[in-house]
Amino acid sequence: MAFVIGGLFAAGIYMMLRRSLVKLLIGLALLTQSVNLLIFDAAQLVRARIPIVPEGEHALLPPYADPLPQAFILTAIVISFGVTSFAVALAYRALRTVGTDDLDRIGETELS
Amino acid sequence: MPALMLAASILAGFVAAGAAPAFVRRFGPRAAAWTALVPAALALYYLSLACSEPAVARVLPWAPSLGLHLSFTADGLGLLFALIVSGVGAVVAVYSSGYFGGDPRLGRFYGWLLVFMAAMLGVVLSDNLLLLYVFWEITSVSSYILIGFDHEEANARAAALEALVVTVAGGLCLLGGVVLLGTAGGSFEISTLLARREGIQAHPLFLPALVLVLVGAFTKSAQFPFHFWLPSAMVAPAPVSAYLHSAAMVKAGIYLLLRLGPLLGGNAVWTWGVGGAGLVTLLLGAFMALGQTDLKRLLAYSTVSALGMMTLLIGLGTPASLGAAVVFVTAHALYKGALFLAAGSVDHGAGTRDVRVLGGLFAPMPRTALGTGAAALSMAGVLPFLGGIGKEMAYEAGLGYGLGVAAAAVAGGLGFFFVAAVAGYGPFRGRAPAAAHEVPRRMWAGVWTLAGCGLLLGLRPGAAAGLLGAAAAAAGAPGMQLKLWHGFGPALGLSLATLAAGAGLYALRARVRESAARLTWRRGPEAAYEALLGGTLAAAAGLTRGLQSGRLRNYLVIIVLTLVGLAATPLLLFQGVHWPETPYDLRFGEMGIAAVILMAAGLAVRSRSLLGAIAAMGAVGYAVATIYLRYGAPDLAMTQFLIESLTVLLFVLAFYRLPNFATLSSRRARVRDGAVALLAGGLVTVLVLVATGLQLHHPISDYFVRTAVGEAHGRNIVNVILVDFRGLDTLGEATVLGIAAIGVLALIKLKRKEP
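Residue numbers (my numbering), protein chains in the order written: chain A, 1 to 112; chain B, 1 to 755.
Heads up, a few of these hints could be off.
Here's a subset of chain B near chain A, in silico, CB distances under 10 Å, partners left out [said to hold, decoys possible]:
1) Trp34
2) Asp294
3) Gly621
4) Val624
5) Gly632
6) Asp635
7) Phe661
8) Arg672
9) Leu679
10) Val688
11) Gly714
12) Ile721
13) Leu722
14) Val736
15) Val744
Calculated directly from the structure, the hints in this document are not laboratory data. C-beta: ideal position from N, C-alpha, C; glycine also.
Work the whole structure out from these sequences, hints included.
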């Protein structure tokens, strides 16, 4: 699992270092996945009972999967979707306006 | 309740400072002189205290956990300085109302002058070292503002900054020394520390504490090699120079040395450090004064020299030298304050401060001339002025210590005589009726007051003997004798020799000035200061240019490399990497998922097709979702599937019309970025491996599991956490999404209005 997290992290960083705006956004998405997995992994992976109390009982019997990181990741997934969609819209607007996704040229005022 | 009254007297100064600008604005510049009533009243109060017993009382525990109390004490030493500060303050306040005329900034000037006075009183009356430091820094700041009073002048600003940088840097050293002293002695109260002298001097922290305190005192009192800020500060208005830079603020360092001498002194470091700095400063200041042509800079270098004399006397540490230091401090405050005020008057009346041009001012400015002459005689060390007594005591102390010290003292005395003659006699001699006018009464009266005090105390030393004796006793020299006539002895001989040699030197003044100016050190510590300041600024500018490139990529590279460096160094140095023995109980299918994720990520990176990259990103997301599913997180898996689909859809919709990726970066850039990315990925991998199995705290999840059904009435614990235990958080999250949606809508619908 550590290698998956690290690999995703590296891929995300590499993509964010590209000059293409779209690649940057893809990199951001990959980085998000990596970090979510990191949180998930931090709570010790157990192939175990899901954290839902069965009908008619009052408490979970261990072993159960840790619900707290799951709540965090759920929040993170949703928020990152918000961020990504906003960023995509922003990039879309930028592309329509200036006609390039090259970050080095996007700041230039004179574009063909 | 004397301590309470002491605190109130300092507070009164600050209150007056706050009220002064409004007062001056309301009643006009001429009425500004009435603000002098505050320092005058304080001076009377301190005078009345000088007869009573000292008292220490803890007025207010300010921050007791830090050992910081508002505690004040008024012994002879503190009262002597408090009297100088408030007395000279009153004179300067009256003088300034004439000096500035109708200057619109007068209110602000009085405000800061009184702030300084109150802070200075705080320095000399505090019994707590931390409290003393606070007041100490207030004096530095008010000095900064008062030197830069003509803030439209570039050199006034530069000089103010120089004084601030030097004195505040020293102030920081002082703070460090104070904290170390407090650690060594277990208290910040000076009175308590004095009782624990032996233990503190044996403490291993004693030496660093001593050095730091000395640096603080030396910067404030313009000792070599920190002396250069004082002559530069002469761009300040004359009353400021008279008050801050001769009578009061520069004496704060001297006060500190006198106050802490009984605690820190009596060892070789003290004697050689303090005495040596004083000796060098005394000779250097005296020599550099010879070449000056500006009246105020001349006086400033002679002040440096006089401060060196005081430091030397304190460093010697014999009862005779400490007594001489106390008397000399008093005499110097009176005559040098008067001479600086007189320099302002001469500038005011004749329009120049160049000693080569000044002359013949006696006829147009007789009153100023008389006051200046009296102050100059005291400075020259002529009996029966207080300056004469101080000088003879210094000679005696020097003779008692060793011939070399006595010779240095005589050289200093010679310099004082020369400066006194140039500043107090030169401008008024001759007949040439200079086109000048007498200054208003409130200005010459100030010179008269200070110079007159010097004469009266010289004629009737008994009047001050009690206070000065108590001050010397507090500095560690009990039983000081103060008398006008010391009898025929070697000191008197040296004194007479000084007068004769000084007169000779003055007769040759033009040649002396020229050769001294030629020999004067041009690239001294001031150049080092400038290089340091300029270098710091240039380095900061270069760093900013380098770091703030305006490109996300560069920021990211810097951040990643910093992170890797900071995290990897301790990991490699202290921790070592312990590979978990059986990290995961992996099954074949899970290995497959991991392989899919890594391959998809690689595809996303390598793909030249835009849609291919997006599809690979989606594949990563789906594979991650299956991981969630396998490890007991069905909610996450569901959400992830949904969101990933939406994200891919969004990307495709937004970008499907774009051409495929072009190769934008060079090969080198790609290799570099790849290395950076692999470093970051590798670090994360190692961190995860190291962190696995590390449990620092007991997880709090059990709480949620236990209470979910009973208190929140929900069975899906993840959902319960989100909407119940952390409900407000989720509300915030929903708000963020709403705002993002509005933003997206605005960006998509935005149309430029065609004209």
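Tested hints:
| no. | hint | verdict |
| --- | --- | --- |
| 1 | Trp34 | 62 Å, violated |
| 2 | Asp294 | 54 Å, violated |
| 3 | Gly621 | 6 Å, holds |
| 4 | Val624 | 5 Å, holds |
| 5 | Gly632 | 3 Å, holds |
| 6 | Asp635 | 6 Å, holds |
| 7 | Phe661 | 6 Å, holds |
| 8 | Arg672 | 9 Å, holds |
| 9 | Leu679 | 8 Å, holds |
| 10 | Val688 | 4 Å, holds |
| 11 | Gly714 | 8 Å, holds |
| 12 | Ile721 | 4 Å, holds |
| 13 | Leu722 | 5 Å, holds |
| 14 | Val736 | 6 Å, holds |
| 15 | Val744 | 4 Å, holds |
Comparing the model with each numbered hint stated earlier shows that hints 1 and 2 do not hold.
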